[in-house]
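Trainee: First to last, the protein sequences are chains A and B.
Quick note: the first sequence, position 93, residue 93 per this note's numbering, numbers continuous.
Quick note: the second sequence, position 256, residue 256 per this note's numbering, numbers continuous.
A few of these clues could be false.
Given that identical chains are not distinguished, each listed pair holds provided it fits within a single copy or across any two copies.
[As the list claims (entries may be wrong)] SDA-like mimics (lysine to any residue), calculated; alpha carbons at most 20 Å apart, straight line:
id, residue 1, residue 2
1, K224, P278
2, K123, D56
3, K239, D103
4, K224, E240
None of these hints come from the bench; they were simulated from the model.
2 protein chains.
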Amino acid sequence: MNLRSIPFSIIAACLTVGTVLPAAAQTDPLPSWNDTASKKVIVAFVEKVTKEGSADFVPVSERIAVFDNDGTLWPENPVPFQLAFASYEITRLLPDHPEWNDDPAIQAFKKGDLAALLADHAKGLLRIVALTHAGMTTEEFDQRVKDWVAEDRHPRFERPYTQCIYQPMLELLAYLRAHGFQTWVVSGGGKDFMRVWSEDVYGIPPERVVGSHGQLKFAMKDGKPTLTKTLDTVFVDDKEGKPVGIQQSIGRRPIAAFGNSDGDQAMIEYTTIDNPHPSFGLIVHHTDSEREYAYDAETKSSGKLVTALAEAKERGWTVVDMKADWKSVFPPER
Amino acid sequence: MNLRSIPFSIIAACLTVGTVLPAAAQTDPLPSWNDTASKKVIVAFVEKVTKEGSADFVPVSERIAVFDNDGTLWPENPVPFQLAFASYEITRLLPDHPEWNDDPAIQAFKKGDLAALLADHAKGLLRIVALTHAGMTTEEFDQRVKDWVAEDRHPRFERPYTQCIYQPMLELLAYLRAHGFQTWVVSGGGKDFMRVWSEDVYGIPPERVVGSHGQLKFAMKDGKPTLTKTLDTVFVDDKEGKPVGIQQSIGRRPIAAFGNSDGDQAMIEYTTIDNPHPSFGLIVHHTDSEREYAYDAETKSSGKLVTALAEAKERGWTVVDMKADWKSVFPPER
Numbered sequence: 001m002n003l004r005s006i007p008f009s010i011i012a013a014c015l016t017v018g019t020v021l022p023a024a025a026q027t028d029p030l031p032s033w034n035d036t037a038s039k040k041v042i043v044a045f046v047e048k049v050t051k052e053g054s055a056d057f058v059p060v061s062e063r064i065a066v067f068d069n070d071g072t073l074w075p076e077n078p079v080p081f082q083l084a085f086a087s088y089e090i091t092r093l094l095p096d097h098p099e100w101n102d103d104p105a106i107q108a109f110k111k112g113d114l115a116a117l118l119a120d121h122a123k124g125l126l127r128i129v130a131l132t133h134a135g136m137t138t139e140e141f142d143q144r145v146k147d148w149v150a151e152d153r154h155p156r157f158e159r160p161y162t163q164c165i166y167q168p169m170l171e172l173l174a175y176l177r178a179h180g181f182q183t184w185v186v187s188g189g190g191k192d193f194m195r196v197w198s199e200d201v202y203g204i205p206p207e208r209v210v211g212s213h214g215q216l217k218f219a220m221k222d223g224k225p226t227l228t229k230t231l232d233t234v235f236v237d238d239k240e241g242k243p244v245g246i247q248q249s250i251g252r253r254p255i256a257a258f259g260n261s262d263g264d265q266a267m268i269e270y271t272t273i274d275n276p277h278p279s280f281g282l283i284v285h286h287t288d289s290e291r292e293y294a295y296d297a298e299t300k301s302s303g304k305l306v307t308a309l310a311e312a313k314e315r316g317w318t319v320v321d322m323k324a325d326w327k328s329v330f331p332p333e334r
Numbered sequence: 001m002n003l004r005s006i007p008f009s010i011i012a013a014c015l016t017v018g019t020v021l022p023a024a025a026q027t028d029p030l031p032s033w034n035d036t037a038s039k040k041v042i043v044a045f046v047e048k049v050t051k052e053g054s055a056d057f058v059p060v061s062e063r064i065a066v067f068d069n070d071g072t073l074w075p076e077n078p079v080p081f082q083l084a085f086a087s088y089e090i091t092r093l094l095p096d097h098p099e100w101n102d103d104p105a106i107q108a109f110k111k112g113d114l115a116a117l118l119a120d121h122a123k124g125l126l127r128i129v130a131l132t133h134a135g136m137t138t139e140e141f142d143q144r145v146k147d148w149v150a151e152d153r154h155p156r157f158e159r160p161y162t163q164c165i166y167q168p169m170l171e172l173l174a175y176l177r178a179h180g181f182q183t184w185v186v187s188g189g190g191k192d193f194m195r196v197w198s199e200d201v202y203g204i205p206p207e208r209v210v211g212s213h214g215q216l217k218f219a220m221k222d223g224k225p226t227l228t229k230t231l232d233t234v235f236v237d238d239k240e241g242k243p244v245g246i247q248q249s250i251g252r253r254p255i256a257a258f259g260n261s262d263g264d265q266a267m268i269e270y271t272t273i274d275n276p277h278p279s280f281g282l283i284v285h286h287t288d289s290e291r292e293y294a295y296d297a298e299t300k301s302s303g304k305l306v307t308a309l310a311e312a313k314e315r316g317w318t319v320v321d322m323k324a325d326w327k328s329v330f331p332p333e334r
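With the sequences and hints as input, model every part of the structure.
Mentor: Here's what the structure looks like:
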């Protein structure tokens, strides 16, 4: 096809999709959501709590929305993306560390032998984390994550991992912020790992990223202040850790929580049960093997969803059916 | 004196001091600061980093200012105020706990015997903290702090502790925020203790309070989600802990740090040394025994100031001489 035969206005419209939308879509804050029940309850909740003078009104300072990351804002298949980062790092560093070839943890990791890595209190996995996430300054770690973002590609979607993010959720984040909500990431993933790109990708600044983390060590080195990452007193921001992480970092109870797995159940309970304000819980159910992945009870990666799905029904949490509810999954490639 | 003999306009002016200022003062964002060098360097720094197009310009997202609390935003004499809260709590709870009368930690605490409390790795002090700061839900603790704020009075200034705050520093907080700065508390004091009143008193919301804290425990109790305060893995946000607390909570290097003791030295180093942005360090030197307190090297309470004062001279940190630099110390009584 000769590009010249296409009117320029159509090319321009294609190129600017996602930034300039047709007039009709401009009035829809969630254009990548189909007009199904999920979208309607989201909009109804936001309108309810932001309507001044109504009994359900929530002041701006209390409009806290928390989002799980893996499986809620971006995929967690074929492996959680932070594991892809660790793998990238091991491969990159291996030539300088021939002694690693005799390391059983490295061998298991290269083979993808999760059982071996998790044996003996996850000794092997902790060794991999220690090699890729500790022993360097926070600035050095940030640079490593930036390099991975720039260089690595998702094996199936063939784009940078930070472009494998859910377009409907990006719209939801922006929609909530436009209505005075603070949006926070509350993830089992590494806090330092996510902070490097969360502002650019989600519009969520580093101080609003809650995640797993080890302690840091401050020291002056060559006359310069440094913070070195360690694996001392690791806090795991998952399951019952999520409400703890929320309270430690935010200090207020959220009124909206978004997750996709049993690991998010405590966070959604904390948000929606006995909350003095109106509240909202949502679970993204991965039902779309064609455009993304389909999994819940049986999963080889993270994201097991059984008890939270049962509780969702009981408590009236919204369950998003990815296949039915989402018009598109990923944003157009940059 | 007969109030009726005073023109109403003068009474009104007195009543509204602090809210409606004379026309001349309205143009001065720091009216409680004398026109000495300290005020001039503060204003010069803020003007420099907020002037668009200048080489020293710092974008809004990077304008992070961190403030120590005890001795920087409010006094730490005759004892740190959180210790006054603990004392208030012990006295309140004692009638229901006759067994405490045989507790050596309680006995030492009632006598003010700090040496005994700090003996054996501060075993006694930890016992007091355990009795007053742990074993209850975060909501119960918040209520206890609120009650203390409402009921207790500073022994010398005879007003609620939360009204014993430095008026010049309140103006500085507001001045920085008016210039796009995020203002954060970074204190050795308890995070949960400060969060209860920090928004009301300093205009600093709970999510911007960094402080010492123990771990929390999430559980459903009687069908309601609860977070219980524990003394597990206590993080001490003091000295080298301050840069760690900053990175864990904020994730960006501040460009301005305000403290008053050697406990703030690492925080000011982290802020001002090798920072890619222009940066500012300030130490409040307590030189005013008449209006507040005078102390530095020799202090029986907290707030020892020796090495940070020496480094201030060397590195050009601003040292506030409270007596000379501050026109007033506390706000008018409410």
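Trainee: Should K224 paired with E240 be assigned to within, between, both, or neither, using CA atoms and 20 Å as the limit?
Mentor: between (38 Å within a copy, 14 Å between copies)
Trainee: Given a CA cutoff of 20 Å, do K123 and D56 count as a within-copy pair, a between-copy pair, both, or neither?
Mentor: Neither: 49 Å inside a copy, 48 Å across copies.
Trainee: Since the copies are identical, ignore which copy is meant and state whether K239 and D103 lie within 20 Å (CA to CA) inside a copy, between copies, both or neither.
Mentor: neither (31 Å within a copy, 38 Å between copies)
Trainee: Given a CA cutoff of 20 Å, do K224 and P278 count as a within-copy pair, a between-copy pair, both, or neither?
Mentor: Between copies only: 15 Å across, 48 Å inside.
When each numbered hint is compared with the structure, violations occur for hints 2, 3.
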